[in-house]
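J.: Sequence:
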Amino acid sequence: MKKLNGTGVALVTPFKKNGKIDFNGLEKLVKYVLDNYVDYLVALGTTAETSTLKQEEKWDVIKCIQSANYKKLPLILGLGGNNTEDLVNKINSIKNLSDFYAILSVSPYYNNPSQEGIYQHFKSIVNHTGANIILYNVPKRTGSNIIPDTVLRLAFDFDKIIGIKEASGNVLQSYRILDRKPENFSVISGDDFITLPIILGGGGGVISVIAQGFPDKISNMISLAKKNDVKKAFSIFYKIMKIIDLLYEEGNPTGIKTFLDVIGICNPYVRLPLLVGTPSLRKKMLHSLNEINQ
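Residue numbers are given in numbering that gives the first Met the number 0: position 65 of the sequence shown equals residue 64, and the series is strictly consecutive.
To be clear, the hints were calculated from the coordinates, so they are not data collected in a lab. All of these numbers come straight from a predicted model, not from anything done at the bench. Some clues are possibly wrong.
[To be verified] Here are the computed lysine to aspartate or glutamate pairs in the EDC-like style, where the Cα-Cα straight-line distance is at most 20 Å: (1) 53 with 85; (2) 139 with 38; (3) 70 with 34; (4) 226 with 244; (5) 122 with 156; (6) 226 with 260; (7) 122 with 148; (8) 15 with 215; (9) 159 with 115; (10) 57 with 34; (11) 30 with 55; (12) 283 with 244; (13) 71 with 48; (14) 241 with 215; (15) 19 with 48; (16) 70 with 38; (17) 30 with 98; (18) 15 with 38; (19) 71 with 260; (20) 16 with 249; (21) 241 with 290; (22) 16 with 38; (23) 70 with 115; (24) 159 with 249; (25) 180 with 215; (26) 89 with 59; (27) 15 with 84; (28) 16 with 244.
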C-alpha cells in the first residue's frame, strides 16, 4: 500500500432548506474539486455531519460521490464508533469494500478508553476486517488523545494501518510520530492551520476542510510545500488565512457551508443541533474573499 500524499478533501453533505440531502449540490461540489487538482476525496467524515445522517442516507451520499467521481480519485470512507464489535460488523457489511482506498476511523469517543483500550480497538478492526485503516485523532471531539507511542505501536504492528489523520492541534505530537514512524505510514494533517509545518516536518499532506472552497489554492500550496518552496507555499496560506479562521468562528461545518454558499457551490443549510451561519459571518467571508480576489 503506497503512502497517502497531497490534498484530501473532507466533503460536506449539502442539504436543502427542508433538511433533505441536496444531491445536485453534492455532485457539483465533487466536480468542482475534481477539476481543481485535489488528490483524493473523504466521504462521511465529521465535516459531512455523519452523526445526523440515517444509514440509508449515508449510502445514498456514497453512491452520489462515487458517480460524480467516475473512479478518477481514491475515495476514503469515514467510519468510526465507540462500539468495537458493532464497528467491525459495519465495515464487514460494506459490499464493495475494495472501492474504498481506506477507512478513516476515529478513535472511540465518549467512552474515554485507555491507550491500551485504543490499541485493542484498532487491533480488533484490523484482525476482523479486510480494510486499510487510517487512524483519526481529534481529541477535541472524542475526549481522548491517541498519544504518539500508541500510534507508533499500531503503525509498526499492523501493515493495514496505513496512516493517521492527526488533528490534535499539537505540532510536536505530529513531529514525534514523524520522527519514528515506519516508511510507508502517512502522517496527514487534520487541521488546515498547521498543515504546512506538518508537511515541512515530513508529513504526507492534509485532509482539508478549506480545500473544497479553494481546491486549486490548497493543492498548489501543498505541492509547493512538498517541493520545499516554503516562501511561495506560505504566501498562499497567508492570503487565505483569514477565511480559514472564519470557517471555525461559528463551528464546522457551519463555516465551510456558509463559504460554499458564498462562492455558489451549494446551500449553507445544516441539521440540528448545528445552526446555519449568521449574516454577520457571511458578510465577513464576502469581505475577505473580495480582498483575496483583488
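J.: Each hint needs a verdict: does it hold in this structure or not?
T.: Against the structure, the hints:
no.: 1; hint: 53 with 85; result: 16 Å, holds
no.: 2; hint: 139 with 38; result: 27 Å, violated
no.: 3; hint: 70 with 34; result: 14 Å, holds
no.: 4; hint: 226 with 244; result: 26 Å, violated
no.: 5; hint: 122 with 156; result: 9 Å, holds
no.: 6; hint: 226 with 260; result: 33 Å, violated
no.: 7; hint: 122 with 148; result: 15 Å, holds
no.: 8; hint: 15 with 215; result: 26 Å, violated
no.: 9; hint: 159 with 115; result: 19 Å, holds
no.: 10; hint: 57 with 34; result: 24 Å, violated
no.: 11; hint: 30 with 55; result: 23 Å, violated
no.: 12; hint: 283 with 244; result: 11 Å, holds
no.: 13; hint: 71 with 48; result: 24 Å, violated
no.: 14; hint: 241 with 215; result: 17 Å, holds
no.: 15; hint: 19 with 48; result: 13 Å, holds
no.: 16; hint: 70 with 38; result: 12 Å, holds
no.: 17; hint: 30 with 98; result: 19 Å, holds
no.: 18; hint: 15 with 38; result: 28 Å, violated
no.: 19; hint: 71 with 260; result: 25 Å, violated
no.: 20; hint: 16 with 249; result: 19 Å, holds
no.: 21; hint: 241 with 290; result: 10 Å, holds
no.: 22; hint: 16 with 38; result: 31 Å, violated
no.: 23; hint: 70 with 115; result: 38 Å, violated
no.: 24; hint: 159 with 249; result: 37 Å, violated
no.: 25; hint: 180 with 215; result: 30 Å, violated
no.: 26; hint: 89 with 59; result: 16 Å, holds
no.: 27; hint: 15 with 84; result: 34 Å, violated
no.: 28; hint: 16 with 244; result: 26 Å, violated
The structure is inconsistent with the numbered hints 2, 4, 6, 8, 10, 11, 13, 18, 19, 22, 23, 24, 25, 27 and 28, although it conforms to all the rest.
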